[in-house]
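Student: Each chain, letter by letter, is given below.
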Amino acid sequence: MRLQKSTLLALYAVLELAAEPGRQMSTAEIAERYGISVHHLAKVMRQLVRAGLIQSVRGVGGGYRFSGNVKRVTLWDIIEMFEPRAEAQALDDAEPGHATPVSRALDSVRAEIDDLARATMQSITLKSLLKFAPAERTEALAAVARTLADSGMPQD
Amino acid sequence: MSKSAITIRDARIGDIRTVTRLDEIHTGLAKPEYWQEIFTAYVTEDHFGRYFLIAEDRGGMVGFIVGEIRTWEFGSPPCGWVFAVNVSPDSREGGIGSAMLAAICERFRDCGVGTVRTMISRNDPLNLAFFRSQGMTAGPYIELEKNLDPGPTDSLNKAEA
Numbered sequence: 001m002r003l004q005k006s007t008l009l010a011l012y013a014v015l016e017l018a019a020e021p022g023r024q025m026s027t028a029e030i031a032e033r034y035g036i037s038v039h040h041l042a043k044v045m046r047q048l049v050r051a052g053l054i055q056s057v058r059g060v061g062g063g064y065r066f067s068g069n070v071k072r073v074t075l076w077d078i079i080e081m082f083e084p085r086a087e088a089q090a091l092d093d094a095e096p097g098h099a100t101p102v103s104r105a106l107d108s109v110r111a112e113i114d115d116l117a118r119a120t121m122q123s124i125t126l127k128s129l130l131k132f133a134p135a136e137r138t139e140a141l142a143a144v145a146r147t148l149a150d151s152g153m154p155q156d
Numbered sequence: 001m002s003k004s005a006i007t008i009r010d011a012r013i014g015d016i017r018t019v020t021r022l023d024e025i026h027t028g029l030a031k032p033e034y035w036q037e038i039f040t041a042y043v044t045e046d047h048f049g050r051y052f053l054i055a056e057d058r059g060g061m062v063g064f065i066v067g068e069i070r071t072w073e074f075g076s077p078p079c080g081w082v083f084a085v086n087v088s089p090d091s092r093e094g095g096i097g098s099a100m101l102a103a104i105c106e107r108f109r110d111c112g113v114g115t116v117r118t119m120i121s122r123n124d125p126l127n128l129a130f131f132r133s134q135g136m137t138a139g140p141y142i143e144l145e146k147n148l149d150p151g152p153t154d155s156l157n158k159a160e161a
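Those protein sequences? They're chains F and W, same order as listed.
With my numbering, the residue at position 123 of the first sequence is 123, and numbering never jumps.
With my numbering, the residue at position 94 of the second sequence is 94, and numbering never jumps.
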């Protein structure tokens, strides 16, 4: 399962805030921690607020805090908000040969992989993921961000 | 409910009715004959390597877990398999599932087994999330299946009918 940049930013932000639900963090703080674009993250944060997963806190020292249920929200709940639906993607992927039997068979294999990926993401709550993340969680997640950056994935 | 009030014990034949009921609540399907067979194989007969445990809270059953040690399936060294776990809806989120899994894993460990596996429907998010929360991840085996088309015997039976 290949995730869009916005999805990754949303996962970083929600997991960072959910690790200490009472804590407030600004967009700039999160962006700096993961080495990502403040501008892009700000857009993602607004969408997370609209979904009720985080809430903005106004005033001095304001920022965002987690407002969901760490034992109920799964990775898929976040991914689903930012990834285009499979049907829409299929229309975009109308490449030469897409209606041939071989292409349809390949689509069926891809659908099998996607189903497995979705079931996996649906089974992992934020609490489970954070529970098994190492104590140096932030550093580990930041390392993932750096790896993605090194792999050439656009960071904004 | 405090975790300390929970006790885990081996199943007894008298537990069958409550187990069947708990399973029916979760799956929506009563399977008395199935549970009778499981109790025979895992409770009443010699059942070395097969475990059926009951969780109790103040004397009442609040959950059960069933598993066994399987050996050399497709080359897999002996490992523990959990194939049923259930916690009463009124008693969930109290650590009962975790306590039962820990107890059965202890039995597996005592038999020299170092791995525990299970197989869950991808449409069962409750149990999937539970096992995930216990640190279980995808293993080195993949479950495969196919629909069985009617065979020659079925066609013959239809023709005769």
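Possibly wrong hints are sitting among the right ones.
[Claimed, not checked] One-sided excerpt, in silico: chain W residues whose CB lies under 10 Å from chain F:
{"hint": "1", "residue": "R21"}
{"hint": "2", "residue": "E24"}
{"hint": "3", "residue": "S91"}
{"hint": "4", "residue": "I120"}
{"hint": "5", "residue": "P125"}
{"hint": "6", "residue": "N147"}
[What the hints assert, rightly or not] Here are the simulated SDA-like pairs of lysine to any residue, each with C-alpha atoms no more than 25 Å apart in a straight line:
{"hint": "7", "chain 1": "F", "residue 1": "K127", "chain 2": "F", "residue 2": "A51"}
{"hint": "8", "chain 1": "F", "residue 1": "K127", "chain 2": "W", "residue 2": "P89"}
{"hint": "9", "chain 1": "F", "residue 1": "K131", "chain 2": "W", "residue 2": "G139"}
{"hint": "10", "chain 1": "F", "residue 1": "K71", "chain 2": "W", "residue 2": "G139"}
{"hint": "11", "chain 1": "W", "residue 1": "K31", "chain 2": "W", "residue 2": "M136"}
{"hint": "12", "chain 1": "F", "residue 1": "K71", "chain 2": "W", "residue 2": "K31"}
{"hint": "13", "chain 1": "F", "residue 1": "K71", "chain 2": "W", "residue 2": "F83"}
{"hint": "14", "chain 1": "F", "residue 1": "K127", "chain 2": "W", "residue 2": "T137"}
{"hint": "15", "chain 1": "F", "residue 1": "K71", "chain 2": "W", "residue 2": "R92"}
{"hint": "16", "chain 1": "F", "residue 1": "K131", "chain 2": "W", "residue 2": "L22"}
{"hint": "17", "chain 1": "F", "residue 1": "K127", "chain 2": "W", "residue 2": "K31"}
{"hint": "18", "chain 1": "F", "residue 1": "K43", "chain 2": "W", "residue 2": "K31"}
{"hint": "19", "chain 1": "W", "residue 1": "K146", "chain 2": "F", "residue 2": "R104"}
{"hint": "20", "chain 1": "F", "residue 1": "K131", "chain 2": "W", "residue 2": "I25"}
{"hint": "21", "chain 1": "F", "residue 1": "K131", "chain 2": "W", "residue 2": "C105"}
{"hint": "22", "chain 1": "F", "residue 1": "K131", "chain 2": "W", "residue 2": "K146"}
{"hint": "23", "chain 1": "F", "residue 1": "K127", "chain 2": "W", "residue 2": "W72"}
{"hint": "24", "chain 1": "W", "residue 1": "K146", "chain 2": "F", "residue 2": "S108"}
{"hint": "25", "chain 1": "F", "residue 1": "K71", "chain 2": "W", "residue 2": "E93"}
{"hint": "26", "chain 1": "F", "residue 1": "K127", "chain 2": "W", "residue 2": "D124"}
{"hint": "27", "chain 1": "F", "residue 1": "K127", "chain 2": "W", "residue 2": "P78"}
{"hint": "28", "chain 1": "W", "residue 1": "K146", "chain 2": "F", "residue 2": "T120"}
{"hint": "29", "chain 1": "F", "residue 1": "K71", "chain 2": "W", "residue 2": "A102"}
{"hint": "30", "chain 1": "F", "residue 1": "K131", "chain 2": "W", "residue 2": "K31"}
{"hint": "31", "chain 1": "F", "residue 1": "K131", "chain 2": "W", "residue 2": "A138"}
{"hint": "32", "chain 1": "F", "residue 1": "K71", "chain 2": "W", "residue 2": "D10"}
{"hint": "33", "chain 1": "W", "residue 1": "K146", "chain 2": "F", "residue 2": "V102"}
{"hint": "34", "chain 1": "F", "residue 1": "K131", "chain 2": "W", "residue 2": "I6"}
{"hint": "35", "chain 1": "F", "residue 1": "K71", "chain 2": "W", "residue 2": "I6"}
{"hint": "36", "chain 1": "W", "residue 1": "K146", "chain 2": "F", "residue 2": "A51"}
{"hint": "37", "chain 1": "W", "residue 1": "K31", "chain 2": "W", "residue 2": "M119"}
{"hint": "38", "chain 1": "F", "residue 1": "K71", "chain 2": "W", "residue 2": "L22"}
{"hint": "39", "chain 1": "F", "residue 1": "K127", "chain 2": "W", "residue 2": "T118"}
{"hint": "40", "chain 1": "W", "residue 1": "K146", "chain 2": "F", "residue 2": "K71"}
Everything labelled a hint here was simulated from the structure, so no lab data went into it.
Built from N, CA and C at the ideal position, the CB exists for glycine as well.
Student: Could you grab the alpha-carbon distance between F:K71 and W:L22 and see if it respects the 25 Å cut-off?
Tutor: Cα-Cα ~23 Å, so holds.
Student: With the threshold set at 25 Å, check whether the alpha-carbon distance from F:K127 to F:A51 stays at or below it.
Tutor: holds (19 Å)
Student: Are the Cα atoms of F:K131 and W:G139 separated by 25 Å or less?
Tutor: holds (19 Å)
Student: Holds or violated: are the alpha carbons of F:K131 and W:L22 at most 25 Å from each other?
Tutor: The hint is violated at about 29 Å.
Student: Regarding the pair F:K127 and W:T118, is the alpha-carbon distance no greater than 25 Å?
Tutor: It holds: about 21 Å lies between the C-alpha atoms, which stays within 25 Å.
Student: Is the hinted pair F:K131 and W:I6 satisfied, with a Cα-Cα distance of at most 25 Å?
Tutor: Distance ~23 Å between F:K131 and W:I6 Cα, so the pair holds.
Student: Under the criterion that the straight-line Cα-Cα distance not exceed 25 Å, is the pair W:K146, F:S108 satisfied?
Tutor: Holds - the C-alpha atoms of F:S108 and W:K146 are around 14 Å apart, at most 25 Å.
Student: Let's test the interface hint: is any C-beta of chain F closer than 10 Å to that of W:N147?
Tutor: violated (14 Å)
Student: Can W:P125 be said to touch chain F, with a Cβ gap under 10 Å?
Tutor: Cβ of W:P125 sits 6 Å from chain F, so the hint holds.
Student: Holds or violated: F:K127 with W:W72, Cα cutoff 25 Å?
Tutor: violated (35 Å)
Student: What's the verdict on F:K131 and W:K146, does the C-alpha distance respect the 25 Å limit or exceed it?
Tutor: With Cα atoms ~36 Å apart, F:K131 and W:K146 exceed 25 Å; violated.
Student: Taking the least C-beta to C-beta distance, is W:I120 closer than 10 Å to chain F?
Tutor: Constraint on W:I120 satisfied, holds at 8 Å.
The structure does not agree with the numbered hints 1, 2, 3, 6, 11, 12, 16, 17, 18, 20, 22, 23, 27, 30, 32, 36, 40 stated previously, though it agrees with the rest.
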